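Based on these hints, arrange chain B on the given structure of chain A.
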Amino acid sequence: MNKIALKVDDRDNVATIFAEGVADGTQVEIRDKKGQREVVTVKGAVPYGHKIAVRDIQPGEHIMKYGESIGGASCPIVKGEYVHIHNMKALRGRGDL
Amino acid sequence: MGYTFQGYQRPDGKFGARNLVAVIPSVICANDVAQAICRQVQGTICYTHHQGCCQLPSDLKRVTEVLLDLGLSPNVGAALIVSLGCEGTDHQRIYEEIRASGKPVEIIHIQELGGTSRAIQAGIDAAQALAIQISGQQRVTADISHLTMAIKCGGSDTTSGMASNCVIGYVADKLVDLGATVVFGETTEFLGGEHILARRAVGGEDGPVGRKIYEIVDRMEKRAKAVGEDMRGGQPTPGNIAGGLSSIEEKSLGAIVKSGHRPIQGVLEYTERVTDQKGLWIKDAPGREPEILTGMAATGAQVMMFSTGRGAPQGFSSMPVIKICGNPITYERMQHDMDLNAGRIITGEKSIEEVGEEAFAMLLEVLSGRMTKNEALSYFGSIDIFCLGPVI
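Protein chains in written order, with the working numbering: chain A, 1 to 97; chain B, 1 to 392.
It is worth saying that the hints were derived from the structure and are not from the lab. Just so you know, these numbers come straight off a predicted model, no measurement behind them. Some clues are possibly wrong.
Lysine to any residue pairs mimicking SDA-like chemistry, simulated, CA-CA at most 20 Å apart [unchecked claim]:
1. A:LYS3 - B:THR347
2. A:LYS3 - A:ALA23
3. B:LYS61 - B:GLU272
4. A:LYS3 - B:GLU272
So the derived list for chain A, only partly shown, Cβ under 10 Å to chain B, looks like this [claimed, not checked]:
5. ALA45
6. PRO47
7. VAL83
8. ARG92
Here chain B is said to cover these stretches of chain A; the calculated rule only asks that three of the stretch's residues, wherever they fall, bring their Cβ under 8 Å from a Cβ of chain B [to be verified]:
9. 49-58
10. 61-74
Every residue, glycine too, gets a C-beta built ideally from N, C-alpha and C.
Excised from the complex, chain A in its bound form (with noise of 0.2 Å):
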């Protein structure tokens, strides 16, 4: 059985993973309500539970997760690449913002 990434919404950009060990090149299947799939290869080790780019993203751009901005991109993020604190950054309750 493929190993499944959840995307939630259309507008989305990042799809979670629900499966262990997947680690640099791993093939997952991102799947949306729709029933759409499409395999893509991993980068970088994800654990269970964590977020993939579904598409290329640009330093800046809102990362989107069910059709609403969860952050900001803090530097270029590739289709495919493991999404999290290193390279995403929240835009609400900073105080600097």
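Below, chain B alone, put in the same frame as chain A:
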């Protein structure tokens, strides 16, 4: 089809899911006596908190009102107030107002009785009499519209927003449609999702309820900034981050899923009780367990549905807490703490509706007396009251 549960009818017309004697220390300094009484007398629970003296007047009023609300909760059949005698809370008001509600209530004062051992003896005698007095009360059939359910998520990971919170949202919608009351809080976890909630407010985003939602989020954000720090490092928590949540916005957007889809009727302050409000309400309370569980029990909620991914085990002594676990791996590991496995949604075995119906059926059973996992383990010793000012 009408849904019912078996509850204890109270003089104010509400129905309790439990029939407990609440031992209420009016101040932190009365905790040890209250705990000693509670250890001895069956059917009692103790609210061991850390407030009640050397606080600003507004906070002392807050503590007084929360302790009073807890005594008035439908799950409490009788109350014993344990006062030291020199505290800042209005222990006499707590006593008088519980008494006025028609419930059996007693008060003891440690200093007046001559100290710890005498107060423990007097307290045991009083609590024993109260426990016997209420023990014969029978459960009667109550319509589900008499329910106030609190909802919360804690120890969240990315499964929470995609499984367990969806299940709670399903149950919340169903309860609202059946004429019951649902209350959610965790104002911190509106950050980044407040526009979605405000649009669901009765009267719209620009109406009084919509504006109030923005106002409580702003108030909470300012409180964090006032101490010269920002929330990062505190929210999301280290556990949330390890679970894949990268920002407060991501945590919030997953958290608000548990409120379902119905209109938001209004915002309750932390000390406010549900009297005749129906539908979906917000309570302005922080996300941390001891403070929000206390706040929700004080609301008068007979039960709480609690979503988790990482595995938050704690409950509340006078409010059964049903744990819905979104993460299938956590559920396997912590089955003795988790009541329902919503991880089957993540694995594709079940739909949100299917697990939602299981959760609803379990809710009715718990309301009628079935113990939750944390209740059976008495995992509810740490409570606290959310105060705003300094200890002085």
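For each hint, the structure was consulted:
1. A:LYS3 - B:THR347: Judged against 20 Å, a Cα distance of about 11 Å means the pair holds.
2. A:LYS3 - A:ALA23: Given pair LYS3 of chain A, ALA23 of chain A holds - Cα atoms ~11 Å apart, limit 20 Å.
3. B:LYS61 - B:GLU272: holds (12 Å)
4. A:LYS3 - B:GLU272: With Cα atoms ~47 Å apart, LYS3 of chain A and GLU272 of chain B exceed 20 Å; violated.
5. ALA45: At 13 Å from the nearest chain B Cβ, ALA45 of chain A fails the 10 Å test, so the hint is violated.
6. PRO47: Holds: closest Cβ of chain B sits about 7 Å from PRO47 of chain A, inside 10 Å.
7. VAL83: holds (7 Å)
8. ARG92: holds (5 Å)
9. 49-58: Result for this restraint: holds, n = 3.
10. 61-74: holds (count 7)
Going down the numbered hints, you'll see the structure goes against 4 and 5, while the others check out.
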